[in-house]
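Colleague: Sequence:
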Amino acid sequence: MPKRATKLWLMKSEPGTYSIDDLQRDRTEPWDGVRNYQARNFMRDMAQGDLAIFYHSSASPPAAVGVCRICREAYPDPTQFDKKSPYYDPKSKREDPRWWLVDVEFVEKFAEPISLQALKDDSSLEGMLVTQKGSRLSVQPVDKGHFERVLKMAGAKSKVR
DNA sequence: GCCAACGTTGGC
DNA sequence: GCCAACGTTGGC
208 MPKRATKLWL MKSEPGTYSI DDLQRDRTEP WDGVRNYQAR NFMRDMAQGD
258 LAIFYHSSAS PPAAVGVCRI CREAYPDPTQ FDKKSPYYDP KSKREDPRWW
308 LVDVEFVEKF AEPISLQALK DDSSLEGMLV TQKGSRLSVQ PVDKGHFERV
358 LKMAGAKSKV R
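Numbering (the working numbering), first residue to last: 208 to 368.
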């Protein structure tokens, strides 16, 4: 059986919390703390080998800054059960976890960030979720054409198979 | 720091 | 099930 096609994503992080440089140093990281059902559902749709654009939100400027790969498929986010964690959720039960996460691994950091403004200004990225006003989704799917266009704008080495 | 755009919660 | 109040995200 052929594996399903690689899906493509965009994942936001505030660089003050966790940046592309942190991921480059750590190599892999559990993407914990997502507390939005739609974003959680997208993470549960991810498969090992999927690629994601790493995006810096609440940054100056907000920008696509690199590429990461899903290296472990969804499992319960341990921080939901940790009373000391800012992501603790008292309503989540161990036998029925509410929040899930994936592990991501570093693939590459773009030589230059592609700013949100540059993404908005590029007509071939029309319809890309992150460019749309009021889109707060921290984990979102990206069309293959849009993904490849961002890689091209960034002069990236990564290729979509 | 402001605030628009959402998403969630809880009273009814 | 509605919806007002509240909380959060994230660009600016």
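Simulated from the structure, these hints should not be mistaken for laboratory data.
Check the hints yourself; a few may be wrong.
Straight-line Cα separation of at most 30 Å, DSS-like style, residue types lysine-lysine; simulated pairs [stated by the list, open to error]: (1) Lys327 / Lys340; (2) Lys364 / Lys210; (3) Lys340 / Lys210; (4) Lys298 / Lys316; (5) Lys366 / Lys340; (6) Lys300 / Lys316.
Okay, the calculated beta carbon distance ranges per label pair [to be verified]: (7) Lys300 / Ala212: 30 to 38 Å; (8) Tyr295 / Asn248: 16 to 24 Å; (9) Glu221 / Gly334: 37 to 45 Å; (10) Gly362 / Pro268: 16 to 24 Å; (11) Lys298 / Lys364: 39 to 47 Å; (12) Tyr244 / Gly362: 14 to 22 Å; (13) Val367 / Pro268: 36 to 44 Å.
Every value quoted in this text rests on a predicted model; they were computed, and no experiment measured them.
All residues carry an ideal CB built from backbone N, CA and C; glycine is no exception.
Colleague: Of all the hints numbered above, which does this structure not satisfy? Sort the numbers upward.
Modeller: 3, 4, 6, 9, 12, 13
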